[in-house]
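Student: Just so you know, the protein sequences line up as chains R and H, in that order. Using my numbering, you'd call the opening residue of the first sequence number 569 and step up by one each time. Using my numbering, you'd call the opening residue of the second sequence number 129 and step up by one each time.
Bear in mind the hints are in silico, worked out from the structure with no lab data behind them. Yeah, the Cβ is synthetic: ideal placement off N, Cα and C, and Gly gets one too. Please note that a few of the clues may not be correct.
Computed, partial: chain H to chain R, Cβ under 8 Å [stated by the list, open to error]:
no.: 1; residue: V169
no.: 2; residue: G171
no.: 3; residue: Q209
no.: 4; residue: E216
no.: 5; residue: R223
no.: 6; residue: H225
no.: 7; residue: R240
no.: 8; residue: L243
no.: 9; residue: W271
no.: 10; residue: E293
no.: 11; residue: I312
no.: 12; residue: T320
no.: 13; residue: L323
no.: 14; residue: I351
no.: 15; residue: D355
Derived coverage of chain H by chain R (criterion: at least 3 residues anywhere in the stretch with Cβ under 8 Å from a Cβ of chain R; other residues may be distant) [unchecked claim]:
no.: 16; region: 183-195
no.: 17; region: 228-236
no.: 18; region: 279-291
Derived DMTMM-like pairs (lysine to aspartate or glutamate); straight-line CA-CA distance at most 25 Å [stated by the list, open to error]:
no.: 19; chain 1: H; residue 1: K335; chain 2: R; residue 2: D901
no.: 20; chain 1: R; residue 1: K683; chain 2: H; residue 2: E179
no.: 21; chain 1: R; residue 1: K868; chain 2: R; residue 2: D887
no.: 22; chain 1: R; residue 1: K683; chain 2: H; residue 2: E216
no.: 23; chain 1: R; residue 1: K912; chain 2: R; residue 2: D761
no.: 24; chain 1: R; residue 1: K683; chain 2: H; residue 2: D187
no.: 25; chain 1: R; residue 1: K683; chain 2: R; residue 2: D761
no.: 26; chain 1: R; residue 1: K868; chain 2: R; residue 2: E735
no.: 27; chain 1: R; residue 1: K926; chain 2: H; residue 2: E345
no.: 28; chain 1: R; residue 1: K926; chain 2: H; residue 2: E216
no.: 29; chain 1: R; residue 1: K767; chain 2: R; residue 2: E799
no.: 30; chain 1: R; residue 1: K683; chain 2: R; residue 2: D887
no.: 31; chain 1: H; residue 1: K347; chain 2: R; residue 2: D592
no.: 32; chain 1: R; residue 1: K926; chain 2: H; residue 2: E350
no.: 33; chain 1: R; residue 1: K796; chain 2: R; residue 2: E930
no.: 34; chain 1: R; residue 1: K830; chain 2: H; residue 2: E216
no.: 35; chain 1: H; residue 1: K347; chain 2: R; residue 2: E630
no.: 36; chain 1: R; residue 1: K926; chain 2: H; residue 2: D355
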Amino acid sequence: MTHAAPYTDTTEGRIFTVTGGDWDDLLRDENFAEDERIIVNMGPQHPSTHGVLRLILEIEGETVTQARSVIGYLHTGIEKSSEFRTWTQAVTFLTRADYLSPAFNEAVYCMAVEKLLDIEVPRRAQIIRVLLMELTRISSHLVAIATGGMELGALTGMTAGFREREEALHLMEFYTGLRMNMAFIRPGGVAQDLPPHYKERTQQFLDVMRERLPEYDKLLTGQPIWQKRTEGIGILPLEGCMQLGITGPVLRSAGLPWDLRKTEPYCGYEEYEFDVPVLTGADCFDRFRIRLAEMHESLKIMEQALAKLDEPGPVMVEDKKIAWPAQLSIGPDGMGNSLEHVRKIMGQSMESLIHHFKLVTEGFAVPPGQAYVAVEGPRGELGCHVVSGGGTRPWRVHLRDPGFVNLQAMPAMVEGGMIADCVAAVASIDPVMGGVDR
Amino acid sequence: MEPVRVGVPLPLTAAPQTGTEQHGMFGAHDSGDTSGFGGLVRGPYSPVPTERPYGGYFDEVADEMAAAMDRRGIPAVAIYQTTVAHREITFYVAREHLREMLWMVRDEPALRFELASSISGVDYGAGVPRRLHSVYHLTSMTWRRRIRLEVAVEVNDPHLPSAVEVYPTADWHEREAYDMFGLIYDGHPALTRILMPDDWEGFPQRKDYPLGGIPVEYKGAEIPPPDERRTYT
C-alpha cells in the first residue's frame, strides 16, 4: 500500500513527516505504530503563538511532555545596524526592537548614552519621558490582553483591546507625530515640547480610559470561561522566576514586588505616587489581572505628570554640542525644520550653519566607556548596555529585552499541561518577537 | 593588516585594552591632507583602574568580595582590575576563576547578586589583545545593587566557563553571545545558534563581519551602503 506519510530512516529510528491529512489514514499504515513519539511543530506562522514564534512540542495525547521554543525569525540586526549610525540616529533603529514599547527602548538607550556623556536631562524632558512611557505601557498591556484574549478565543477581548489601544496611539500621534517608532526621545532630552492643547487631549484620554478599563473586569476578569482558561494555568512559582531571571508582571504574579520604578527609581519616578500590583497566584489569570491593574496605575502617573508639566522649561540639554540643533514646527507641507531656524542658519549666522551641519552629519562624540541602564518596561527589566569607543557612533549597543529572557520560562510553564494551555502560558509571558529577536 | 596573535596568553595584570591606535581624522584617505588633521595620532584606550575609595556602595561590595574570596580560597588576582566609571563598578575577572566568582557573588549573604540581568558580548575589533569580552550585569535584589563582571578572551581561544549552572537564565544570553560573537561557553547544556539559522557561517556582530547592504539611488545620486559611508571616528 502507499504510505500515508513520507518517512526517513535515521539513526534515531524512522521519522514520519505528517503535514495535515486524516489521522485514521495514518493509523492504517502498517509502518506506523500507535505509540509513536509525536512532535508537533507549532508556528512560526501560527495565529496562537503570539508572533513569529515557533514552538516544538512533544505530545502524548493532548498533554505536552516537552516543549522548546525556536526564535530568530524576526532577527533584523538592529544592534549591529546601530553601530553604523550616529548616536542620535541609532534611536530610530532601537525604537523598532520591541515594537509595542517604543518609548521604553528609546528612553533606556538615551539614558545609557546620557550616562556615558555624564549629562543631566532637563526636568521637563524627564516628565515628558515618563508621560510617554506610561502611555506606552498602557498600549502595550492592551495588546497583551487583546492578543492573549484572541489566542484563547475571547475575540471581544481582542476587539476591545485594540479599540482602546487605538485611543492610546492617537494620543501618541498627537504628542510625537507618529503612532509607533516615534524616535521622539533623543540623547539629551526629547525632540520637541508637547504641542498646544496637550492638557485637554491627555485629560480626554484619561477620562475615556477610566470609563472603559472597568469594562475589562466585566468582559474578562469575572467571566467563567476566561477564568477556567487561565486560573491555575502556566504556573511558575517565585523560585522558578528567580532562577530564570524573570521580571515584570510574570515575577509580580508570583508575589515579589520588584518594579524598577520603585526599587531603583529613574526619570524622577520617586516623585510619583502609584502602587505596584502584586499577586501570588503565579498563573496566567494573575498575570492578566496585574496588567489590568498596572494600566490603572499608569493612568494615575500620567495624571501626575500632566500636573508637573505646568512648569515650563527646556526639553533638551543646554549643551549646544549635544542638543539637536533644529526646532521642528508644523508647516503647510507637514512637520519639518522651523522656518525661524532655517532663516537663522541660512541668512544670519554662518557659525550656526556649520554647527548644524556638523551635528547632523557627523554627530557628537561620546567619551569611551560603557554603561548599563535598566528601566521597568511593560514586560520587565529592559536593559541597555552601551559601549563607546570615543567616537560619534556607538561601538556596541545591546538591548536586554525582557521578552527574550522571559520566554525561557515557556518550557517550565507548559510541560505537563495541555496544548491549549500552552497557548495561554505563552500569551501570559507576552513576548514581543521584535524585541526577542532584535 | 594587523598581525594576528596566536596563542600568546597576555599577562592577566595587563589592563583590558578596548581600542586601537587611530591616525588622522574624518576617515578621508583618498586625497591629500588638506585639513592638517591627517597627522593626528590617538593612542588606544584602556579603562583606567580606580583607586579607593570607589564611592557609594561600591567599597562595601568590594570589601565583601575580597573577604569572601579569601574565605573561599579564590586568589586575589582573580580580579585583575577594578574600574569605577559613570556611576558603575566593573570587576575584570580572569576566566579561570569566573565560575567560582559567580557562585560567590550569588550565594554570599552580604553580596546576593541573585539576578543575572544581562550577559552580552562585546568585540573590540581586530588588533586589540583579548578583543572578545563577555560582560555580566548582575543585580542584587536583596541589596538593590548592581555590579558588572567582565571577562576578556582571545579571538583564537574564545573559551570561557558557562554561567548556566549558577544562573539558569544565562542559557539564552550565552547562546546569543555565542551566535553573535563566537564566544564559547564551556559547560553550557546546548550552545547552539539562537537568532541566526543553525547552518549560518561566521559571527555577525564581530567587527570584521560586514554589515552588508547595497548602494541605493536617491534623487539621482548613488548612496553607498551604511558600512561604506564616511566615518568620522
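Student: Among all the numbered hints in the text so far, which are the ones the structure does not match?
Tutor: 1, 2, 3, 5, 6, 7, 9, 10, 11, 12, 14, 16, 17, 18, 19, 21, 28, 29, 31, 33, 35
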